[in-house]
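Engineer: Those protein sequences? They're chains A and B, same order as listed. Heads up: the first sequence at position 313 corresponds to 313 in the numbering used here, and the numbers run straight through without jumps. Heads up: the second sequence at position 141 corresponds to 141 in the numbering used here, and the numbers run straight through without jumps.
None of these hints come from the bench; they were simulated from the model. Take the hints with a grain of salt, since some may be wrong.
Keeping only pairs whose Cα atoms sit at most 25 Å apart, straight-line, the calculated DSS-like set for lysine-lysine is [as the list claims (entries may be wrong)]:
1. A:K297 x A:K314
2. B:K42 x B:K513
3. B:K513 x B:K442
4. B:K554 x A:K397
5. B:K442 x A:K388
6. B:K569 x B:K554
7. B:K554 x B:K442
8. A:K391 x B:K167
9. A:K388 x A:K307
10. A:K307 x A:K288
11. A:K391 x B:K172
12. A:K391 x A:K331
13. A:K136 x A:K222
14. B:K442 x A:K79
15. A:K388 x B:K42
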Amino acid sequence: MLTFLPTLARWSRAVAALAGLSLLAGCDLNFWRMDGHQSTMVVEGPVARDQLYVFYVTCWVTLVIFIIVGGVLAYATVKFRARSEADEHAEPPPQGHGNPLVELGLIGGSVLALVFIAIPTLRAIWTTHDVPEAEKANAYEINATGYQWWFRFEYPSEQATVDANIKMPLVTGNELVIPAGRPVRINLRTVDVIHSLWVPKLAGKVDMIPNRANFLWLKADKPGYFWGQCAEYCGDSHAVMRFRVVALGPREFNDWLDQQLQPARNVAPVPANANRPRAQFTALRSFKTNEAGITAKFDVNPLESWKEKQAPEKDEDAALVAQGKTLFSSKACITCHSVRGHVGAGIAGPDLTHVGSRSTIAAGLIENNREQLRRWIRNPGSVKPGNKMAKGYVDNKIVISTEEEVALAAYLESLK
Amino acid sequence: MDALAKPAYLTHEEHAPSQPKLLVHPSAKTGLMSWLTTVDHKRIGFLYGFFALFFFLVGGFEALLIRTQLMVPNNDLLTAQQYNTLFTMHGTTMIFLGVMPLSAAFFNFIMPLQIGARDVAFPRLNAFSLWTFVAGAIILNIGWFLPSATHGAPDGGWFGYAPLTSKQFIPKHSIDYWVMGLQLLGVASIAASLNFIVTIINMRAPGMTMMRLPVFVWMTLVTSFLIVLSFPFITIALVEVMMDRQFGTFFFEVSGGGMPVLWQHLFWVFGHPEVYILILPAMGIVSEILPTFSRKPLYGYPIVVFSGACIGFLGFAVWSHHMFTTGMGTVATAAFSLATMAIAVPTGVKIFNWIGTLWNGHLQMRTPMMFALGFVWMFMIGGFSGVMHSAAPADAQQQDSYFVIAHFHYVLIGGSLFGLLAGIHYWFPLMFARQVSEFWGKVSFWVIFVGFNVTFFPMHFLGLNGMPRRTFTYDPNLGWNVPNMIATIGSYILGVGIVIYFVTIIYTFIKGKRAARDAWDGRTLEWSLPNPPPEYNFRVIPTVHARDAWWYEKHHREEIEKERALHAKEEEAHGGIHMPFASIWPFVASCGLLIGAIAVSALDSNPAPGIHLKLGLALTGAIIMFIGIYFWSLEGNEGYHLHLDENGNPIEDSHAKH
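Chain A extracted, bound-state conformation (with noise of 0.2 Å):
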């Protein structure tokens, strides 16, 4: 039994050896190249470029002194190895209790090691805690706060019209956008528990916490659309509170945001006489719980896909849209949700006005499409376990028909 161990050990090593290299040949290389949307690897600007920086100096300090002392570990163990019953019966080796100069050594080839850490380290703790002294005149400020289980997004500095004589700083949820190339200072605030905003290709997450002042700082490089998620546990649907960030060239950020400030568009109605086919309505699948509601295609080239949803849907059914309209107040949404211009001022949920121009609802979950809103207005709290709008109309029993459920998601994809 004795004599056949060391061979068993050196089959299993040869056989971790081999799973670990079919691993790296067979399965999708995604995996090693850590490119995804979240990626923390494949940055998209100054402060991830920094954070990554100093992942890269620890990570390679580290992986030296890993092959140093790991050889020196493997070297020992493999050379003093008793190799027979004889061998382990021998006298004892000497019984030698150590020599405080190696310790000595060893001790300051670490500290110097630290060394190496701790200067990058420093520095970037202060070039990623605030925009630059240089650059502060140019920094755009955005206040975002977190809910259970979303993002609200305002724009202090934009003044958008409510009717012709009220104007309040422009609103909206879910999507960030902001101005590519220029610096933008977001700051923190919280309505409930703690959340944190992460959006790993431009900056490391920040908390947002109740009764404390936070902001993080971040810059896009270049126009691009990208994906964040809550990163600090916020209860139920902590897993689904997710947000994008549509970073947009000078003049683009500028039609968007003209776009935003106006009231909530209102669709031409047709005349009644106009021989134009009401929209077919086919019903709707069933969905399983957590499936994902998003489609490969978007992903192709998803600021292009986010640009193609600022436009009015072509097959728009304008009908449709006022009783959707209609079903908005009378169903109780307008107790949450805003839609300036219309109906409407809650503040429990997401501000609605522009709603259609959102690439995404659900905070980031599910793409914003036809056959999407209807499942979200027919069972939010499938989608997002234990949300307000499960509580707020299901709970209520409000009922909404298969015909309103429709009509009230045209009214929404009006929205842009």
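For this one, chain A is given, so just place chain B on it according to the hints.
Structural biologist: The following block gives chain B in isolation, referenced to the frame of chain A:
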């Protein structure tokens, strides 16, 4: 010496004052009562180990459910609620009901043997710690068996960040179980630690100076100090959460001006030392195993001890590195960043010295040695990813991502758990007088080792690729599918390894082959004992002449024999071996605590009769506890004397007052 002998009227035939019936000392040696009333540190250690391993399997099962949910994107095996409960309980169970009590099992069983003592300083307090730990474990888990809409198991995360734990956001009782469960575990841990500290300071055998203590004893001492100093912080914080939830105070309630970030500071001032509470005992075990199987002393003993203490001190100075993303500002972030890096030095020193211990040795590759070497490798990887976190800017990306999960599982499984599994194999022949099969031991090691790495190594990649932790689902377009699948397969392999390990251990426990005395040619005092060690541990309290006391004895037999014979005579003249009485009262006191804690955590104050029920039951619990403590104190510190025959068997029990 005759002057020291006890006068005759004290040793025999005196009429003990008649005692009330309640104070008759339990005398069962077998059966349930013997276990409930035991004050023997070895039996208590065994019970700690038994419960710890049970909860370790429970926590492992929870982990497998978590991994199964994450095997594929958008899985719907578990609901969000169930998933959140599982990750909360997995963490809480593994830390407080798995690793800590398993360490306590070794502190109890091994530490007194290593310092040449007959028991711990306060045997009944030791029993109280054990039963209070069991009570805490019951409270923590009771929610599983109650309706999940109003009760349920804790689901606020093992870190329980305010204000999520407030009644506004989690109105059900799950958080109350967590609060009261942790409070009881805190009581148990602090009582046990005080006991260990007093034992190590006061009950060392003659000649066992501090700098001759086995490293495991040193680590017991440092860990005990960490527990005594760090648990009060969580106790205070939990009392504040309890007051917020039960009495409407505003410590963390934002609506009343509470400060949620205060919770984080209090929690991590406890929580970071806690990390070292989990790892230092394993380091101690490894520092025993490596010398034994290298057949030479630990390299640089003083510096290993000093670095252990140093880690303990620094452990209190780095708590805010868990809070780098809370907006502490540049100076505080820099300070905690540098302090955290500093901790890498004493930790590195330990690794250097372990390698130094192997150097020039005759390494015997037995199962405990395999686990110990696995520990050194895995702990190194976990340590290096820890250094990466210490750089605050890098941590801003890693915090709360799977990279962190990979890191702390490398230190907690690859570190703590490998150390503890090594310890079980190492001391098994001593504890149970049976020898574990080397073949199956090594098979279990390799399966665990491979499964562990396949599970947790891909998580580094997941974290760097932006996957946040504590998420019950993820979308398929983020590049996380393959590593998640690999990690889940790895977790099943790890599970199989753990099953092999436990089947081997249980089989050996029942029908394994008898172990020889001093099975590994050990170096420390516990190996001088017959296996399993008798109730009284040492027939004669040994005199210690060198650091590796038993190794020295084995090489200076004649001198030691003479010395021992002399001591035996002296002790007999003192009236024999003094043993403490067994007692049921610590168990009763713990039962009172359990009842009170259930009342506070499980009962509603409203509607109407609620508050009366709740108060009534809480007071009942308190009264039972006080009855337990009262009679316990009436018992006094009596004991009895054992006299041994040639073979070390007791020849008579003479009940005599001490």
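Engineer: Evaluate each hint against the coordinates.
Structural biologist: Status of each hint after checking the structure:
no. : hint            : in the structure
1   : A:K297 x A:K314 : holds (19 Å)
2   : B:K42 x B:K513  : holds (22 Å)
3   : B:K513 x B:K442 : holds (17 Å)
4   : B:K554 x A:K397 : violated (82 Å)
5   : B:K442 x A:K388 : violated (54 Å)
6   : B:K569 x B:K554 : holds (22 Å)
7   : B:K554 x B:K442 : violated (29 Å)
8   : A:K391 x B:K167 : holds (17 Å)
9   : A:K388 x A:K307 : violated (30 Å)
10  : A:K307 x A:K288 : violated (30 Å)
11  : A:K391 x B:K172 : holds (17 Å)
12  : A:K391 x A:K331 : holds (14 Å)
13  : A:K136 x A:K222 : holds (19 Å)
14  : B:K442 x A:K79  : holds (20 Å)
15  : A:K388 x B:K42  : violated (55 Å)
In summary, the structure is inconsistent with hints 4, 5, 7, 9, 10 and 15 from the numbered list given earlier, while agreeing with the others.
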